[in-house]
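J.: Sequence:
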Amino acid sequence: MLSLGSHFIPKTKFGIGFKLYKDDKKMYKTIFLFIIIAAGIHLTSFSQINKVDSLENLLKNYKKIDTTRVNMLNEIAFQILNSDVDKSLHYAKQGDSLSNVLEYKNGKARSQQLIGTYYYNKQDFGQALTYFETALNVS
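Be aware that the sequence shown starts at 874, since it is given in our numbering, and climbs by one per residue.
The reader is advised that the hints may include incorrect statements.
[Stated by the list, open to error] Per label pair, the in silico range of CB-to-CB distance: (1) Ile908 <-> Gly999: 21 to 29 angstroms; (2) Leu931 <-> Asp959: 19 to 27 angstroms; (3) Gln996 <-> Asn930: 44 to 52 angstroms; (4) Gly999 <-> Asp939: 32 to 40 angstroms; (5) Ser1012 <-> Ser927: 37 to 45 angstroms; (6) Leu931 <-> Gly999: 29 to 37 angstroms; (7) Lys936 <-> Glu1006: 16 to 24 angstroms; (8) Ile909 <-> Lys936: 24 to 32 angstroms; (9) Lys960 <-> Thr940: 17 to 25 angstroms.
[Said to hold, decoys possible] Think about it this way: if two alpha-carbon atoms lie no more than 27 angstroms apart in a straight line, the pair counts; the simulated DSS-like pairs of lysine-lysine are: (10) Lys960 <-> Lys978; (11) Lys960 <-> Lys924; (12) Lys924 <-> Lys936; (13) Lys937 <-> Lys978; (14) Lys937 <-> Lys924; (15) Lys995 <-> Lys978; (16) Lys933 <-> Lys978; (17) Lys978 <-> Lys924; (18) Lys937 <-> Lys960; (19) Lys937 <-> Lys966; (20) Lys966 <-> Lys933; (21) Lys960 <-> Lys933; (22) Lys966 <-> Lys924; (23) Lys995 <-> Lys966; (24) Lys960 <-> Lys936; (25) Lys936 <-> Lys978; (26) Lys966 <-> Lys936; (27) Lys960 <-> Lys995; (28) Lys995 <-> Lys924; (29) Lys978 <-> Lys966.
Hints are computed from structural coordinates only; laboratory data are not their basis.
Each residue gets a CB set at the ideal place from its N, CA and C atoms; glycine is no exception.
Using the sequences and the accompanying hints, generate a full structural model.
T.: Structure follows, in structure tokens:
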């Protein structure tokens, strides 16, 4: 065995061996966990983009003007709320307008909630509160 200060490192067939101490193991676990989380976030954002693309294609090909269309508009708005807020507002307002025409209360409430979330994210809390209250009153 080779002595380095107060630590003994066993000699292996190929030279000096390495001994992992508790702190080293903790560090490697932390690095491994970080890599796993980073990969998961990347895969989640990739799948979210595919989901939005699929929903937009469905919406483009869906010709009926009904509650299903409102639900698609609201779902797209929800999916992109944190990545493309202005586009999200556009879809939510379309869903809101169509909900008014169809007198679809659940769609109206969801659209109002999404619009309120848009304003909340923009830190316009007065506008956000107005939309949130409307969403509650409609449902």
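J.: Give a verdict on every hint.
T.: Each hint, compared with the structure:
1. Ile908 <-> Gly999: 21 to 29 angstroms: violated, 43 angstroms
2. Leu931 <-> Asp959: 19 to 27 angstroms: holds, 22 angstroms
3. Gln996 <-> Asn930: 44 to 52 angstroms: Check failed, 33 angstroms falls outside 44 to 52 angstroms.
4. Gly999 <-> Asp939: 32 to 40 angstroms: holds, 34 angstroms
5. Ser1012 <-> Ser927: 37 to 45 angstroms: violated, 28 angstroms
6. Leu931 <-> Gly999: 29 to 37 angstroms: The hint (29 to 37 angstroms, Cβ to Cβ) holds, given that leucine 931 and glycine 999 are roughly 35 angstroms apart.
7. Lys936 <-> Glu1006: 16 to 24 angstroms: The hint (16 to 24 angstroms, Cβ to Cβ) is violated, given that lysine 936 and glutamate 1006 are roughly 34 angstroms apart.
8. Ile909 <-> Lys936: 24 to 32 angstroms: violated, 44 angstroms
9. Lys960 <-> Thr940: 17 to 25 angstroms: holds, 22 angstroms
10. Lys960 <-> Lys978: holds, 23 angstroms
11. Lys960 <-> Lys924: Holds - the C-alpha atoms of lysine 924 and lysine 960 are around 15 angstroms apart, at most 27 angstroms.
12. Lys924 <-> Lys936: Measuring from Cα to Cα gives roughly 20 angstroms; hence the hint holds.
13. Lys937 <-> Lys978: Roughly 18 angstroms separates the two Cα atoms, so the pair holds.
14. Lys937 <-> Lys924: holds, 21 angstroms
15. Lys995 <-> Lys978: Holds. Lysine 995 to lysine 978 sits at ~26 angstroms (cutoff 27 angstroms).
16. Lys933 <-> Lys978: holds, 24 angstroms
17. Lys978 <-> Lys924: holds, 26 angstroms
18. Lys937 <-> Lys960: Roughly 22 angstroms separates the two Cα atoms, so the pair holds.
19. Lys937 <-> Lys966: holds, 18 angstroms
20. Lys966 <-> Lys933: With Cα atoms ~17 angstroms apart, lysine 966 and lysine 933 stay inside 27 angstroms; holds.
21. Lys960 <-> Lys933: Holds - the C-alpha atoms of lysine 933 and lysine 960 are around 16 angstroms apart, at most 27 angstroms.
22. Lys966 <-> Lys924: holds, 20 angstroms
23. Lys995 <-> Lys966: Holds - the C-alpha atoms of lysine 966 and lysine 995 are around 16 angstroms apart, at most 27 angstroms.
24. Lys960 <-> Lys936: holds, 21 angstroms
25. Lys936 <-> Lys978: holds, 21 angstroms
26. Lys966 <-> Lys936: holds, 18 angstroms
27. Lys960 <-> Lys995: Given pair lysine 960, lysine 995 holds - Cα atoms ~14 angstroms apart, limit 27 angstroms.
28. Lys995 <-> Lys924: Measuring from Cα to Cα gives roughly 25 angstroms; hence the hint holds.
29. Lys978 <-> Lys966: holds, 14 angstroms
Checked against the numbered hints listed earlier, the structure breaks hints 1, 3, 5, 7, 8; every other hint is satisfied.
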